Amino acid sequence: MGNSGSEQVVINGIGGSPGICIGKAYIVDREGVDVIKRYRVDEAGAAQEINRFKNAVEKARQEHAAVIDSLDDDLGSELNILEAHMVLYKDKMIYEKTVDTINNEKINAEWALKKVSRQARLRFKNVDDPYLKSRADDIAQVAEKVMSHLTGVQDIKISEINKRVVLVAHDLSPADTSQIQLEQIQGFVTDRGGKDSHTSIIAKSLRIPSVVGLGKATAGVANDDLIIVDGGGGKIIINPDEETLIRYEERKVRFERYHAGLERSSYLPAVTKDGETYTLLSNIELVEEVVSARDNGAEGIGLFRTEFLYLDLKRFPTEEELYSRYKEVVELMAPAPVTIRTLDINGDKVNPSLFSLEEANPALGLRAVRFCLKNPQVFLTQIKAILRAGASGNVKLLIPMISCVSEIVQVREIIDQAVNELEKENKEFSGKVALGIMIEVPSAVIVAEKLAEYVDFFSIGTNDLIQYSMAIDRRNRQVAHLYQPLEPSVIHMIRLTREAADKKGIDLAMCGEMAGEPVNIPILMGLDIKELSMNPGSIPTVKQMIRNLDSSETRKDLEKALTLSTAREVRQMISDKYKELLVFNGQE
Amino acid sequence: MENTLEENSLYTRRVTISNSLGMHARPAAKIAEIAGKAVHNVWIINDNSKADAQSVIDILSLCIIEGSLVTVEVESANDVEILDEIIKLIESGFGE
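Protein chains in written order, with this note's numbering: chain X, 1 to 588; chain S, 1 to 96.
FYI, nobody ran anything at the bench for these hints, they're computed from the structure.
Derived pair list, reagent style DSSO-like, types lysine-lysine, alpha-carbon separation capped at 30 Å: (1) X:Lys115 <-> S:Lys50; (2) X:Lys97 <-> S:Lys37; (3) X:Lys273 <-> X:Lys560; (4) X:Lys92 <-> X:Lys59; (5) X:Lys54 <-> S:Lys50; (6) X:Lys90 <-> S:Lys37; (7) X:Lys504 <-> X:Lys432; (8) S:Lys37 <-> X:Lys115; (9) X:Lys54 <-> S:Lys37; (10) X:Lys97 <-> S:Lys50; (11) S:Lys37 <-> X:Lys92; (12) S:Lys50 <-> X:Lys106; (13) X:Lys450 <-> X:Lys374; (14) S:Lys30 <-> X:Lys97; (15) S:Lys50 <-> X:Lys216; (16) X:Lys59 <-> S:Lys37; (17) X:Lys92 <-> S:Lys30; (18) X:Lys90 <-> S:Lys30; (19) X:Lys106 <-> S:Lys37; (20) S:Lys88 <-> X:Lys92; (21) X:Lys577 <-> X:Lys235; (22) X:Lys92 <-> S:Lys50; (23) X:Lys90 <-> S:Lys50; (24) S:Lys50 <-> X:Lys125; (25) X:Lys37 <-> X:Lys97.
Remember, it's a predicted structure, so these values are computed and weren't measured experimentally.
I would like the entire structure built from these sequences, with the hints used as guidance.
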């Protein structure tokens, strides 16, 4: 029967990126249901299918083994994890069950594998423990690798979709998302993910509307259903009725007109009504995003995330590989500054089989600078590449996740070592690369004055600072409501950081998602944070906001906010006062 | 099925999981490796759910946390040595 009748269904999720699109649903799931063939076989055919399956497993395992071999031996614990992952290929629940299924049901290998991996994953469906829950992803990944050897297709071919559609997926990896072709995909919706998940971040930079964290969207939508994606409102409407459709068509036009207006003025500087100048920079992950950064009027790169290359290669890149990537970005932006953040590995961002399998709480585990200090060779290689890129333009070095003074002391020792080695190797590099740290762990806020003695600048990473201050797991939907940038405790933390930076005379920037939301701008201006880095797509809106504000007013806003008790009150105060400025900013 | 296991005490042992992370991937892989050598089935039972000890996936799906009292069961006398080996491994905290 299906539900593709006329009944309008509204599902609420989390707005991933603003904007509205209306189009036909195109469903993809991790194994690409639309791609795999299903057919029945006879006795002899079953034996053949089993052989084919076994060969595919063998090839996938060999590939996996090659990844293990390519890694440094000093990655002891990660290697163990990878080897444990290796076991999954031959796990009874996948390997023997698929063979049995082919034998008993007389179906082809792809179909059997899909059925079996689905059953295996279902076992984790009602598990609460996030660590175990993500094991379902491991199974999916292993099955996917085998599947790609069976079908000869590599992963989901999002890049090959050839009609104008709205993607509906259980989950999209950052790599999947980056394959999206703007002329084909109007927007996307996913069951998983949160506002600041990597997928939303990339969606924002591509500027396509998306809604994530829908829970069960993929189950409720059929292929070709008409679907409205309301990225700002964080909801989707399946099979909208006439009236809804008209209302959204109108909103879509208004939204687009508003953005076209913004773009025209995005090259002008962000100067407040009373003449204070703000510097708006872009957060990027891929070299390709430099274009979007420049188009949106970014005055530099305030955060260049470097995990992607590690992800992409599935091994640790060499100094040359890193150097050529960094140099490209630095040259494209020069003379504007590029702040390169060193490896910020955590479960969310890097191949889970490599780094997070064993940690019950990856966000509190061996990530970012902690990982780098434990694997100094990896760190040294990256720092050398960054210092070399410094010779091609204006580079700053940013260290994530610093939680105490002894870490920054160790970091500086490694930088000294990098300088020594580069001198010995006669390589060209810059000795004047500014050193900064992310302020994103509450303990760093407390000792900020001490930390300031070792660095040239602070950059506040609000995503993690909020997460760690409020003790919330950002991917856990049950506590997602606590994630509020305007929570008074968060504002106080930023103010303390501001005071420490002022006292020691070092620069202060912000590179979290908080900086990209217009509703937060009056408070950030009140805190006098003159350098704001955000997703390229947010720059025009934020510039527009800043141009309409007066710094003497925003100082008052801050003072007022500091007397309030809840995020809701602060937000209300701002949205009441700046009502007309905030319409259409995706906050409505 | 589950309530027959108490009677077959010859082939079952009870043990408390002591490593702090509970039964995560690596310990599960070690158990599955040993259980894989058994002639017949090997089971792990936790709170009335039963998992095939030869499968990492099945073991993980039991969600065994630190301090859980689990039962390990083999189906034949030939596999008692395997049973003992698994118990020893769990008691050692998987060497972690």
